[in-house]
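S.K.: Protein chains in written order, with this note's numbering: chain A, 1 to 91; chain B, 1 to 87; chain C, 1 to 130.
In short, the hints are calculated from the structure, not lab data. Careful, some of the hints might be misleading.
Claimed, not checked - With a straight-line cut-off of 30 Å between C-alpha atoms, the simulated DSSO-like cross-links for lysine-lysine are:
# : chain 1 : residue 1 : chain 2 : residue 2
1 : B       : Lys3      : C       : Lys125
2 : C       : Lys125    : A       : Lys85
3 : B       : Lys3      : A       : Lys85
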Amino acid sequence: MNAETTNFMLLGGISVGSFVAGLYFLRYWRSTGDRFFLFFCLSFWIEAANRVDMGITRAWNEDTPVHYGIRLVSYALILFAIWDKNRPRGK
Amino acid sequence: MDKAIFGLCALTALACAVLLLRAYVRSRFRLLLWSGLCFAGLTLNNALLVLDRVVLPTQVDLSPWRLGLALVSVLLLIVGLVLETDR
Amino acid sequence: MTPGRRPVPDDVRRFVLTSIPSVPYLEAALLFRAQPALERSPADVARELYMAEPVVVPLLEALAGAGLVRRIGDGGRYGYGPRDPALAEMLDALAAAYADDLIGITNLIHDATQKSALRFADAFKLRKEP
């Protein structure tokens with residue numbers, strides 16, 4: 001089993017999957033107006049782009065500052081979404 | 001630095017998984033189960049990144065397994081979103 | 001959202017998305033609310049809502065289970081009986097919103113996307129709300 005080609009395929013799958021998940025969150029945002037979903041959409045889309053870049057640069061382990069930096073942004077968006085939802089008078 | 005980031009990501013994903021699965025137990029709404037499992041998988045995915053740096057020797061290449069886990073996690077979420085968006 | 005009308009209030013919107021599974025369910029609830037003192041049998045409700053009685057029976061049971069109507073005796077009769085004042089207020093608001101914007105409320109009842117979204121987002125609320 002060639003780890004490289006397997007990883008390319010897996011990264012491709014993860015990117016498209018994350019993109020589609022983001023699309024559903026986009027749809028939820030448009031239908032409810034709740035920006036909680038916008039944050040989730042962006043989080044997943046940023047990760048999708050991250051995975052594409054990992055494929056292009058063959059960085060299987062998120063070793064570079066770019067990749068773990070973007071990972072941080074993606075998850076920070078989720079944390080922010082949860083915080084925003086739970087603020088008093090936040091919907 | 002990167003270990004701290006992956007640790008934080010793992011904790012965030014864990015929080016999401018707990019919240020979603022707890023809500024699933026209360027309401028039995030299946031989307032919450034699928035998405036909860038997704039975030040559980042992502043928790044593990046990020047935790048493995050930390051583990052990879054800290055514990056395991058450099059010969060062992062976990063990357064296909066880790067990426068496979070991430071893919072399965074995302075697929076679980078998609079299954080939930082596609083199949084359960086229907087009362 | 002239909003322009004030019006009062007938009008459905010947020011709390012009514014949330015109530016419809018979480019608690020009103022179908023239009024007949026809503027119509028039955030409002031039927032009871034319109035004449036709170038009146039007792040009705042499934043046959044009465046079926047006649048007034050132009051529905052078949054076998055369909056009405058589980059509907060009334062669901063309404064009773066949810067605390068919108070109450071069972072009277074064991075003769076299979078029902079009457080308006082919201083289980084608490086907050087629910088009664090909500091039903092009043094819902095009745096007003098339904099009268100004001102029937103299509104809007106009906107669309108909400110059938111909006112699977114909003115229902116899923118709401119349930120997903122609700123999971124992330126840390127404070128337990130009823």
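S.K.: Hint by hint, say whether it matches the structure.
M.R.: Hint by hint, here is what the structure shows:
A hinted pair counts as satisfied when its Cα atoms are at most 30 Å apart, and Lys3(B) with Lys125(C) qualifies at roughly 29 Å. For the hint pairing Lys125(C) with Lys85(A), the CA-to-CA distance comes to about 7 Å; that is within 30 Å, so the pair holds. Distance restraint check for Lys3(B) and Lys85(A): the Cα-Cα separation of roughly 28 Å lies within the 30 Å cut-off, and the hinted pair is therefore satisfied.
Against the hints set out earlier in the document, no violation occurs for any number.
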